[in-house]
Amino acid sequence: MSWLSNALSSSIGRKIIMSITGLFLCSFLVIHLIGNLQLFKNDGGVAFNIYSHFMGTNPVIRTIEFVLLAGFVFHIYEAIALTGRNKAARGPQGYKVDNIGQNSPWQSRNMGLLGTIILIFLLVHLYNFFYRARFGDLDPDINSNDDLYTLVASSFKQWWYVLLYVLAQVALAYHLIHGFKSAFQTLGLTHRKYTPFITYFGYAFSIIVCAGFAAMPLYFFFLK
Amino acid sequence: MKLDAKIPEGPLAEKWEKHKFNVKLVNPANKRKYDVIVVGTGLAGASAAASLAELGYNVKAFSFHDSPRRAHSIAAQGGINAAKNYQNDGDSVFRLFYDTIKGGDYRAREANVYRLAQVSVNIIDQCVAQGVPFAREYGGLLANRSFGGAQVSRTFYARGQTGQQLLLGAYSALMRQIAYGKVKMYNRTEMLDLVVVDGQARGIITRNLITGEIQQHAAHAVVLATGGYGNVFYLSTNAKYSNATAAWRAHKKGALFANPCFTQIHPTCIPVSGDYQSKLTLMSESLRNDGRVWVPKTVEMAERLRKGEIRVSDIKEEDRDYFLERKYPAFGNLVPRDVASRNAKMMCDEGRGVGASGLAVFLDFSEIIQRIGVEGVSQKYGNLFAMYEKITDENPYEMPMRIYPAVHYTMGGLWVDYNLQTNVPGLYATGECNFSDHGANRLGASALMQGLADGYFVIPYTIGDYLANTPPKPVTTEHPAFQEAEAQVRERLQRFMGINGTRTPDEFHKALGHIMWEYCGMARNAEGLQHAKQAIQQLRKEFWSDLKVTGLNEELNQTLEKAGRVADFLELGELMVDDAYNRNESCGGHFREEYQTPEGEALRDDENYAYVAAWQYQGDNVPEVLHKEELTFENVKLTQRSYK
Amino acid sequence: MAGSNPNAKPMDLTLKVWRQRNRTADGQLVDYQVKNISPDMSFLEMLDVLNEDLLHKGEDPVAFDHDCREGICGSCNLYINGRAHGPEPGTTTCQLHMRKFKDGDTIVVEPWRAAAFPVNRDLSVDRSAFDRIIQAGGYVSVNTGGVPDANEIPVPKSIADRAFDAATCIGCGACVASCKNASAMLFVSAKVSQLALLPQGQVERKTRVENMVAQMDKEGFGACTNIGSCAAECPVGISLENIAILNREFLAAKATSNNLA
Ligand SMILES: Cc1cc2nc3c(=O)[nH]c(=O)nc-3n(C[C@H](O)[C@H](O)[C@H](O)COP(=O)(O)OP(=O)(O)OC[C@H]3O[C@@H](n4cnc5c(N)ncnc54)[C@H](O)[C@@H]3O)c2cc1C
Ligand code: HEM
Ligand code: SF4
Ligand code: FES
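Chains as they are written, first to last, in this note's numbering: chain W, 288 to 511; chain U, 435 to 1078; chain V, 172 to 432.
Since the hints were made in silico from the structure, they are not lab data.
None of these values were measured; they are calculated from a predicted model.
Warning: the hint list may mix true and false statements.
Here are the computed lysine-lysine pairs in the DSS-like style, where the Cα-Cα straight-line distance is at most 30 Å [as the list claims (entries may be wrong)]:
| id | chain 1 | residue 1 | chain 2 | residue 2 |
| --- | --- | --- | --- | --- |
| 1 | W | LYS383 | V | LYS273 |
| 2 | V | LYS351 | U | LYS982 |
| 3 | U | LYS814 | V | LYS351 |
| 4 | V | LYS351 | U | LYS944 |
| 5 | U | LYS824 | V | LYS351 |
| 6 | U | LYS687 | U | LYS1078 |
| 7 | U | LYS982 | U | LYS454 |
Chain V stretches covered by chain U per the calculated footprint, using a threshold of three residues with CB under 8 Å from any CB of chain U [to be verified]:
| id | segment |
| --- | --- |
| 8 | 232-240 |
| 9 | 269-279 |
| 10 | 323-330 |
| 11 | 391-401 |
| 12 | 422-428 |
Ideal Cβ placement from N, Cα and C applies to all residues, glycine included.
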């Protein structure tokens, strides 16, 4: 299987892993967002807690969780590997004056930075909700499901927490504005007829998904 | 010395086939025992190096460029001729042969030119197989355009970048052989001398342009494909680095230099804009397919235009003199280059030139733009128009281009026989470096054809004939001739470094260029040539006493490189003047004012000058000796060229 | 009317030029003044003026690569004011004219920067890595002679045109120089897609892309992250579409070729 590891550790191979994991994470975002829409239901969190209970106990979901974890791990690992290689490729002496900003969009050059913001957010997010939901000691709600809803609602009353969330979603949006179409380019899925559509779709996707996520903390902070 | 062109016996059309059968072959197992040096990896050199390696020879290839893909051939724009007759318009091998001989004003060898026309068809096949993206028709087959000096459409092209695509084809073939280990490529390595052992070419001395290291290289045969010497004039359409050093060094080691005064002045170049000008840019001849050349009818009008009192658009149709269409109704704007250039000069001499300097004529596209629209024109010539606009800041879709003739190509070069071998056994010359196929004037799209013909289809056969007669014993650099040549090279470099005068190589080069353009350019006369000879000698003296070069030999030193090239130009320039002085006739690109028809056309003297002038070096500051190779024409009738 | 704008006045400029004696020496930006520069000069002609000045003063002229000065040989390669080939889109350094600058401007001139393009001296860099990538497979393996008649290989015009667009790459390296990752993907993709599009390129289609990409990686170029600086700075407009084609070709080749290495 050395051909496979050789292929995947080549510059294009690594990019292909980035793009497949990236698109996979995008699909996760969609599921995650749709599920979390339960938060907006005005039922004191009953539906949301049913949903989160299901997610926390269903064996299929539990298995997919590992795939998701792998997705993140590979995505992040390849990101680090590629960034290292790309830094080295410039050589020991960089430019004294570089106006690269005049020929390319900002987010395309700062995927690592955006990714790091997302990662920091992710760790906080996982610790606060995922870890405590799974391993913590949440009180039961009326259906004797763990009452994650209350935790969410109280967390989103803290201004710094809301700020972190919103910032992270902005970062994610920029990450995806470049990343979504970039993934198709990486996979060679381009065509004169369809690429413009992919580009627009990616743009809309990034904004809608991230706005959706950002709406939750804002909703709790301002309207609840 | 008796010059033997070694032209095979038999009818013209059968000579090459017969010759290919008669040449000795090297047995396949023995080929790897032969080393061949190829200097130059432009079209002629890259194609030769790749083809020889494919046959099994060990090739060492040299180029002063950082990659073979940068060779001057890359700049060729318009196209490459081939007698395919894909257009069904009456083309044939014989017609291409005939056009080329006539275009060359009957100063080329019939047998060589016929062979060129024959193999032209194979070149196109070869290039297409390599993946060269020639222009195509909607049906998927190859497209053609027409070029000057021909009434059929036989020019294959790749937009305005034909040379680039052909060179990249040859380059890729060469790269493949490098990967196989059959060619060892020396980039950024300049040949500074030829090594002759017992009368045979056996190697070269080179300088590594990055480190300054001087090296000796031995081989069973040496092929020079080092391009032309148009840069003698300083300003030309040639790339800045194009130079004559390799050929000139070989000349000083015994190789004859043929027809040095035959230089081609290309009619459609962007005019000089100031004295800082470093090179001139060609606007492809293909533009004359659709562009119409004109000047104002009267001197007064031209003057007012030059002063900016009126604009081009103020000149009415009937006040425009489309002088080529008027004088040459049959060929119109598509007369050969020498004729078009000379006529432009005549117009400017009359005072009807345009542009601030008055040294330009118009090339007008308004008619074709009306006919097929801006979009259509841009499809055909987009890159040329863009280049023109970048340089001049004028939009040729809106106002006519201003063009003026400029030095473009050198028909002269190392004398070679039918086998492309010089008079020094084992030394071959191909491409623009030799003198072989274009007589006194080259037709457009024929240089690419010749370079590739030589490299792909001629040299691989003819060099075998020589090698088969050479024992397959290893050659080494042990012979004292190598040490001697290296010592000379080192001494010369030291000399440049040691003069420590006040003038730069570029200043000398410009001064030489001025002399050459003034007295040995588009029009020449005996008096001017004599003056030029003295001026060049004087300049050469000053060069050797007042040159300034800084830095060291042991590093990348572009001033030192230039100094060596200019030193050689200063000698070659004088030989060109001698040759022009000797040739008391006008033919093709060589126009002696004393010899013209009443209408101002070139007046040949076939009685006395139907020969190749091959010059032999005799020593520094000693006049060279002229050898004549008489040209015999059995298949075409010598006539006054007419394009009327 | 010679040249362009009759009213354009000569300019005085400050140059900051990278000077470095050889591959291993340290380098730095050095300030120079050039005076009386005509707007109709090309950028390289302006450097010629500087070099003549330096030579007269007994200093070493600035080494830089150039040859055709027509935008086709790909020799010239200057990073001007932080942009590959300077500020003009679709233009090589040699075709950049001084009318794009103003009197009194300061212009910073640096060499291409990439680990795979070591500096020879001053502004001249070694781009032989590109040749080695082509050697790895950027060709159709046909020997001289014995090929079919040219018109026996018809190519639809639209395909021929696209192949031509890719084939116009001049190998200048601006794509590498301007890329944040010093990636050579645009250059490599231009050759790969030219030959992948044409019927002549089909036989070696898979090995070609596998080997060229392997060599590209070996030379130490970075990986493409689809930023697009390369295509924005490419003087001949090689499009990013070629990189997608390269990725596709690579994926297909790796998935289906018989090569187990
Ligand atoms: C602007 C322009 C447009 C043209 N357009 C056309 C056209 O449309 N059609 C056409 O048929 N012809 C055209 N020509 C002419 C044609 O391009 C050239 O005649 C032809 O390409 C010359 O090829 P070559 O291989 O002989 O030499 P070149 O391509 O000049 O190659 C010379 C090689 O020799 C090497 N070299 C030279 N000296 C040394 C040395 N001392 N040591 C080591 N290496 C050395 C160089 O590095 C280079 O590799 C054009 C010419 C110009 C200037
Ligand atoms: C939900 C989370 C994430 C999603 C949906 C996502 C999605 C994507 C997508 C689609 C791409 C484009 C791939 C391509 O160009 O082929 C991408 C690229 C990238 N991602 Fe992420 N990503 C996420 C999290 C992260 C994290 C946590 C990091 C870093 C630590 C990261 C770092 C990067 C980097 C550096 C790139 C650019 C690499 C390249 O374009 O080659 N991403 N991401
Ligand atoms: S792709 Fe463009 S920028 Fe890159 S080497 Fe080719 S021509 Fe230069
Ligand atoms: S010098 Fe040839 S492209 Fe600029």
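So, going through the hints one by one against the coordinates:
{"no.": "1", "hint": "LYS383(W) / LYS273(V)", "in the structure": "22 Å, holds"}
{"no.": "2", "hint": "LYS351(V) / LYS982(U)", "in the structure": "41 Å, violated"}
{"no.": "3", "hint": "LYS814(U) / LYS351(V)", "in the structure": "36 Å, violated"}
{"no.": "4", "hint": "LYS351(V) / LYS944(U)", "in the structure": "42 Å, violated"}
{"no.": "5", "hint": "LYS824(U) / LYS351(V)", "in the structure": "28 Å, holds"}
{"no.": "6", "hint": "LYS687(U) / LYS1078(U)", "in the structure": "45 Å, violated"}
{"no.": "7", "hint": "LYS982(U) / LYS454(U)", "in the structure": "52 Å, violated"}
{"no.": "8", "hint": "232-240", "in the structure": "holds (count 7)"}
{"no.": "9", "hint": "269-279", "in the structure": "violated (count 1)"}
{"no.": "10", "hint": "323-330", "in the structure": "holds (count 5)"}
{"no.": "11", "hint": "391-401", "in the structure": "violated (count 0)"}
{"no.": "12", "hint": "422-428", "in the structure": "violated (count 0)"}
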